[in-house]
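Chains as they are written, first to last, in the numbering used here: chain V, 1 to 330; chain W, 1001 to 1391; chain H, 2001 to 2307.
These are computed hints drawn from the structure, not numbers from a lab.
Every residue gets a Cβ at the ideal spot worked out from N, C-alpha and C, and that includes glycine.
A portion of the hints provided could be inaccurate.
Here's a subset of chain H near chain V, in silico, CB distances under 10 Å, partners left out [claimed, not checked]:
no., residue
1, Leu-2007
2, Thr-2011
3, Leu-2015
4, Ala-2076
5, Val-2079
6, Leu-2083
7, Tyr-2090
8, Val-2098
9, Thr-2101
10, Leu-2104
11, Met-2114
12, Gly-2117
13, Phe-2230
14, Thr-2277
15, Tyr-2288
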Amino acid sequence: MARLAREHGAGLLLGLAFALWPALAAALGLEWSLELAARILIYALAAGALNLVLGYGGLVSFGHAAFFGAGAYVVAILAYHDMVLGPVAIAGLEIPGTSDAWIAFPLAVLVAGLLALVIGALSLRTNGLYFIMITLAFAQMIYYLFVSLPDYGGEDGLSLFARSSLRPLELDDNLAFYYLCLGLLALLLAAKALVVRARFGWALMGIRDNERRMTALGLPTFRYKLAAFVLSGAVTGLAGALIANLTEFVSPAFLSWPVSGELLVMVILGGIGRLYGPLYGATALLLLEFALKEWSEHWQLALGPILILVVLFARGGLAGLRRPRGAGHG
Amino acid sequence: MKLRMTALAAATLAALPLVAGAPAKAADPVRIGMITTLSGGGSGLGIDIRDGFKLAVDEEGGKLGGVPVELIVDDDARKPDVATELANRMVERDHVQIMTGIVWSNLAIAVVPKVTRAGVFYISPNAGPSLLAGKGCSPNYFNVAWQNDNLHEAMGQYVQDKGFKKVYLIAPNYPAGKDALAGFKRYYKGGVAGEVYTQLGQTDYAAEIAALRDAKPDAVFFFLPGGMGISFIKQYAQAGLNGQIPLFGPAFSFDQGILGAVGEAALGVVNSSQWNKDIDNAANRAFVAGFQKAYGRLPSLYASQGYDAARLIASALKKTGGVADKDAFRKALEAADFDSVRGAFKFASNHHPIQTIYVREVVKEGDVLTNKIIGTAFKEHGDAYAAECKM
Amino acid sequence: MVSPLLLLEQTLNGLQFGVMLFLIAAGLTLVLGIMNLVNLAHGSLYMVGAFVCAWAARESGSFLIGLIAALPATAAVAVVVELLVVRRLYARDHLDQVLATFGLILFFNEATKMIWGARPLRLDLPAFLNGTVEILPGAPYPAFRLTVIGVGLAVALGLYLLVARTRLGMLIRAGASNREMVSALGVDIDRLYTLVFALGAALTALAGALAGPIYAVEIGMGETVLIPVFVVIVIGGIGSIRGAFVAALLVGLTFVLGRAFLPGLFELFLGPSAASTLGSALSAMAIYILMAAVLIWRPRGLFPPHG
């Protein structure tokens, strides 16, 4: 019990704060903050997905914007065909668009996962900096593809006109949407906590720490890494589907490399390979950005050095403040 | 860490009510939210829009049209999700009744439909994508600058009038670039020596310039906003093409902020604009002098648009005294009863400008490069999308 | 049909762009290879070099004075950054380096804007470089671009000699592979690293100053080049000067020839507007396709350094 509190205390506390926030916000007249809080949760979800490969698998992907954007575009394109363009004819079949999240969200996960399968299968032959750059390369290819794809708005992007419907939930209701984001994040964290304790997580961390040894033990390391990458890409796609609904808009900006960078920054800031690290990281970075922008238009002048100070003096990120480095990954 | 996290949460809780505004009361000033780009690449445009707008507010001592206003400015960092979240925050927290400021078309498409649906008026000081002028128009959306195609259409008309027969066209490979060349060709009917779409954000144009020279056109029209245009104009001059093949483009690449960076390479280039600092009317003279006095630099096109956005709002507030009666305020905006710094100005049925578009030439005044009006491409020019707009 | 003259000119354009990429990449690959430091703020130093050059050139009225001022000024900035921040990052893993140097980017962009304003700066060429040279009849070529090629080749040669032939180079090579041994020789390794970091910054400033008259001197110019430069370094093999040189030329050629000829190629099948759109999209992706292909074929780049 004590161990549980030690490991999960701060993370659960923050989660509880997020769960209670809407009631508190309503009492304080801060309903506007729900959208900011939802954005934090969505980025935490994407960063959490990245953490699976980065923290537990040691694979630094600099191309997760591809999966984030792919998920967003699946939702937007389906809605666009539903509202504006009408059905597409593929091989004689009339395929209609949809604004139904029960179809669009799983499809977003599927497409992002398949994309991760292709990119992962090609990229995982490399490692270290080379892996960072090859994942970036694939993301950039997709970015330029969407910038120059005139049918779906190109650089101007696509407007969704309304959020998807997730019967019986109405996502146009900010509160329902907020709790959907929170619920999915909680689900991801719980699943991750289980996966990490299972054989899969054990194998993944073993590969991260010493791939040669795991190969010698007869473990198909490539397959493990690929599976983790696909899982991570698929969940990032789900986060993308959510962000498209939050902003009711998608554009290639969601596919651009600064998004990949921001996700990395969130994971590192929060604590690599820590269960709640991405939640800490996304919360800290976006709240910091918010607070500094309220303070001055020169907010980047302060944000930059703060990030540097975190690296220099808080090794292991925010989650690492709780325990000395090397005390095990949770 | 538990302690620290709790402390952080507590600090956040404590800080939030401080920045939260109370709902607007009748006696409160009219709140205007400005979302614009103040950091990173392209921040020069956002800063000019903000400064132009603020100048108009400062001139009236914190009022517009005699009504006290509160201007709330925030930085979108050129990211769509940041912009939409800011818009939501300004509507829900700050209870803004009017919004303005966005520089880029994609951010406008992300934000405008959402806020106009929420009953907020949006006055665009720059971006005017075809979607918002046509099918996606809204009773609460007004554009005080131009529809995106306008300046390109003007250049097309001018190049047509001058009798060029074989024009080479260059624009970035994105919707605004395609719209630009389509707009140009809407009025230019001669031959096309080549139509090239470059990469967004490209800096090196050696390949395009070599191909262009090889195609032997009698004129070149280009639309490359921001740093892309700076690079292109410099490289065009360095390739020795200045004076050989005349270059034409919209004002964006010959604006005061850009000319200072391009230097002599732009001298003599003809470009199109709805505004210039030498337009001779009282409002413009006061604006140019006031801007220089307040900020110590020459105003840019974007500053003039920010200023006009504020003056348009002022004209409507003067008539209505506030935004409480939305229909009255909308009617007052539609009347556009203000002295625009560009001279004659009125709105078309889709709330986009009907205005004169000038042709200017880059000249040197002492040491400073700037523009001089040399002709008029269009009088009372509207846009091609008004018919698609059903309000 | 493409004329041979145009093909030749475009090839030269590709080489020139490649040399420019090499100039920017050289400092980065040096620092990456020797100190094992991923420096995202490399682009910021490039920006600082260009801004100092533009500012000094404007104040003095001479591009050459601007160029000469940019090198030591940027190196000095780099030394301060190295002593305050970067020095503490050598022993860290790449991720810590990414986060910290990302912080540096934010800081440098905002600081540059506060010092020089948000509008782009002007940087003109001196008259004697601002013309064209008729390298082939009917193909005038900008003199300054030829100068860039010359400087780039000289830097490549100079770096090769420095690393292969000098005592400093020997220490650098030894330091990269065995820190303790160099320390045991009585060499102050901290000072050596500071020196290498400053050298890399000076090289980058040179690139920035040379890029200034051709491109735009503006906030954010560093991030525009950062990604292509990393592409170059990775294709070449991290830490290999020779690899960076070959890869830079390869990327430059791909970039320019793709843009020059892909749309024409597609025009054989498609309408001119569609061909230009598709050609442009594909040429934008070309260098990334090149990198992915090289890494799938050779996972450690073309010239992986030993060890």
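Here is what the structure says about each hint:
no.	hint	verdict
1	Leu-2007	violated, 25 Å
2	Thr-2011	violated, 24 Å
3	Leu-2015	violated, 23 Å
4	Ala-2076	violated, 19 Å
5	Val-2079	violated, 17 Å
6	Leu-2083	violated, 13 Å
7	Tyr-2090	violated, 12 Å
8	Val-2098	holds, 6 Å
9	Thr-2101	holds, 9 Å
10	Leu-2104	holds, 6 Å
11	Met-2114	holds, 7 Å
12	Gly-2117	violated, 13 Å
13	Phe-2230	holds, 6 Å
14	Thr-2277	holds, 6 Å
15	Tyr-2288	holds, 4 Å
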